[in-house]
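Going down the list, the sequences are from chains A and B.
Residue 0 is where the first sequence starts when you use numbering that gives the first Met the number 0, and the numbers rise one by one after that.
Residue 0 is where the second sequence starts when you use numbering that gives the first Met the number 0, and the numbers rise one by one after that.
The reader is advised that the hints may include incorrect statements.
Any copy will do: because identical chains look the same in the list, a pair fits if it lies in one copy or spans two.
[As the list claims (entries may be wrong)] Think about it this way: if two alpha-carbon atoms lie no more than 20 Å apart in a straight line, the pair counts; the simulated SDA-like pairs of lysine to any residue are:
hint	residue 1	residue 2
1	K326	A107
2	K200	A107
3	K332	L350
4	K164	L175
5	K200	P378
6	K371	S43
7	K290	K326
8	K332	N166
9	K164	T150
10	K371	L175
It is worth saying that the hints were derived from the structure and are not from the lab.
Protein chains: 2
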Amino acid sequence: MKILILGGDGFCGWPTALRFAAKGHTVKIVDNLSRRKIDLELSSNSLIPIASINERVKCAQKLVGDITFEMADVATQPQELRSILGSFQPDTIVHFAEQRAAPYSMIADRERRYSVDNNVSGTHNLCSAIVDLCPNAHLIHLGTMGVYGYTEAFGEIPEGYLNIKINQTGKDADILYPANPGSVYHMTKCLDQLIFQFYNKNWALKVTDLHQGIVWGAATPETSLHHDLANRFDYDGIYGTVLNRFIIQAASGNDLSVYGTGGQSRAFINISDTAECVYLAALNDDFTPEKVRIFNQVAEVQTVSALAEMVANLFNAKVGYFENPRKELAENKLFVTNRGLKSLGFNPIKLSEKLVEEVKVLADQNSMNLNKHNLNNSPKW
Amino acid sequence: MKILILGGDGFCGWPTALRFAAKGHTVKIVDNLSRRKIDLELSSNSLIPIASINERVKCAQKLVGDITFEMADVATQPQELRSILGSFQPDTIVHFAEQRAAPYSMIADRERRYSVDNNVSGTHNLCSAIVDLCPNAHLIHLGTMGVYGYTEAFGEIPEGYLNIKINQTGKDADILYPANPGSVYHMTKCLDQLIFQFYNKNWALKVTDLHQGIVWGAATPETSLHHDLANRFDYDGIYGTVLNRFIIQAASGNDLSVYGTGGQSRAFINISDTAECVYLAALNDDFTPEKVRIFNQVAEVQTVSALAEMVANLFNAKVGYFENPRKELAENKLFVTNRGLKSLGFNPIKLSEKLVEEVKVLADQNSMNLNKHNLNNSPKW
């Protein structure tokens with residue numbers, strides 16, 4: 000298969016690109032290197048040093064498989080995107096090219112606007128280009144569990160569509176699960192969903208939307224092959240995801256920063272499973288595009304406080320409870336199905352002390368790169 | 000009240016600006032003149048000649064009230080928008096600054112992207128600016144009945160929120176009516192809705208979203224005061240709305256172009272009622288922003304074929320049935336409530352032979368401006 004990976008230099012994109020190449024597919028990465036540039040803006044960094052994109056690709060070509068790279072901005076350079084789609088003619092397009100941090104999207108006007116303009120224009124430019132230039136390509140998009148929000152009255156979170164009864168007519172219907180985002184970032188993924196719905200309805204665009212949980216870990220079998228293939232590891236309060244942040248806080252002798260009571264339940268997935276799930280979705284593409292296919296890309300549900308206690312016990316650290324900088328439910332239950340990807344062969348990697356310790360080893364090896372000022376720099380909203 | 004009217008040079012914006020000024024309010028129009036520029040691109044024109052924005056405003060200051068104008072692009076010049084909001088400190092902001100033609104949005108990639116980028120970035124720039132600079136201002140947005148689509152199983156179209164039962168829990172909920180747009184343009188208004196929902200939830204942004212039916216007519220009491228105040232009148236297949244197009248086709252000796260069987264039911268409103276409804280929504284702003292207030296801004300429901308027959312009989316014209324260039328239900332029923340605006344005093348102007356004849360008089364007086372090539376130039380989708 001020919002796979003185009005938009006945002007293939009990022010935290011989820013890079014391991015996914017390597018996974019496809021390792022399995023023998025022809026991979027082209029398109030990226031504007033925005034994540035590296037945002038590091039510069041935020042004075043933040045990846046704890047694990049990452050090679051330049053050219054070094055990455057050179058090393059991957061030697062050790063992994065067929066990967067090429069092209070620099071382009073999907074949101075602001077639609078003609079470049081069209082030219083790539085037209086000439087490469089991908090079978091599958093994986094779309095990671097979005098600003099992906101909720102805290103970043105809530106810093107101030109500039110970051111709110113960047114998140115919306117980048118994510119919505121990027122997704123729409125892509126859909127508009129596909130229907131013209133490679134209408135049979137399969138588009139796989141990284142969504143987020145955050146599109147659902149935490150509405151306990153709705154019960155277990157289904158895969159994208161909610162079965163309801165219309166009270167005034169008594170008729171049943173399956174509707175797109177009502178959007179309930181908690182940040183501007185999550186809101187953009189809700190907007191993406193409506194774009195997919197319409198392009199699917201009007202042009203039969205074939206889309207799989209993967210609503211992913213919170214990713215943890217950094218390494219995959221492929222990124223571990225060589226230090227030039229290493230994946231980025233964000234530990235700051237803006238881009239660092241919660242479990243990774245806890246591990247780094249513990250490893251660096253700081254208290255773990257739990258927001259509020261830690262009674263928030265969230266869905267989690269290991270970074271290696273991100274690559275695996277996208278791979279499974281791409282491979283199993285024999286569905287008719289009658290509607291957008293939506294899967295929940297999650298391995299398990301945990302409360303934030305349970306994660307914090309696990310990490311604290313393991314590394315003899317302390318848990319600090321901070322005023323929650325976010326507007327969110329203090330505590331919630333969460334039930335979510337992941338039967339779609341499981342039916343395609345997904346066998347989730349669950350949290351275990353052993354795996355958490357492996358992440359800490361990575362953290363310890365790279366502790367010289369830690370900037371402590373960034374451990375608790377989340378904006379308030 | 001101080002009223003900021005974004006898109007105040009357009010077909011709905013201009014009569015609305017005049018209405019507020021006539022009632023003694025302080026009006027500032029912001030517009031990028033995009034509608035006039037699109038006329039140049041499409042080789043189309045307003046049947047009724049319209050004065051330049053400077054002539055319009057000069058005449059309005061003499062004959063109507065306090066109106067000023069500032070040139071800015073809400074979608075691409077967020078800093079200009081912020082500067083205006085900060086210094087003018089409006090009580091009410093009316094947001095018409097969107098590309099508003101479904102056929103335009105379906106021409107090709109360029110127009111699809113323009114519609115999304117302009118409408119979504121514009122709406123979001125505005126929300127992001129309001130919460131920083133005039134957080135208590137009341138935002139009134141022109142939505143569209145097209146966000147609802149035509150899902151007969153859902154029953155009478157409520158005002159924005161649908162009462163449902165979640166089948167897996169048996170619990171009731173009011174949800175934002177499931178989006179079912181029929182064009183990229185309509186899709187953008189669905190995206191707008193999600194932006195309003197989130198800014199309302201997170202920042203208590205006070206929003207009224209007016210889901211308007213198809214507008215007909217061109218003149219209002221205020222635009223009729225002087226030829227420099229005249230409103231634009233679109234008759235082409237791209238920007239001309241259906242009843243106005245029928246009248247011009249009849250007036251110019253052409254067959255009325257009905258798409259398909261004409262069994263499509265649509266909601267209609269007269270242009271003077273557009274101004275009146277926005278005025279009523281602005282005046283009656285003593286609601287707490289617990290949620291986005293949504294009204295259906297419609298006067299009545301008609302089938303396209305009933306409209307065509309009425310116009311054909313009145314002017315002794317013929318009805319032509321053409322292959323439908325659009326993807327839409329061939330025929331549909333439509334029940335829609337408008338009780339919200341009625342409760343604020345809205346007394347709808349209904350279609351009548353007398354009013355339709357008045358529009359034809361305008362058409363006849365300006366027949367020298369008609370470009371027949373534009374009567375049936377709708378794109379196919």
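To see whether the hints hold, each was checked on the structure:
no., hint, verdict
1, K326 <-> A107, "within (15 Å within a copy, 40 Å between copies)"
2, K200 <-> A107, "between (35 Å within a copy, 17 Å between copies)"
3, K332 <-> L350, "within (19 Å within a copy, 53 Å between copies)"
4, K164 <-> L175, "both (13 Å within a copy, 14 Å between copies)"
5, K200 <-> P378, "between (38 Å within a copy, 18 Å between copies)"
6, K371 <-> S43, "within (10 Å within a copy, 61 Å between copies)"
7, K290 <-> K326, "between (33 Å within a copy, 16 Å between copies)"
8, K332 <-> N166, "between (26 Å within a copy, 19 Å between copies)"
9, K164 <-> T150, "both (17 Å within a copy, 14 Å between copies)"
10, K371 <-> L175, "neither (42 Å within a copy, 43 Å between copies)"
Hint compliance for this structure: hint 10 alone is broken.
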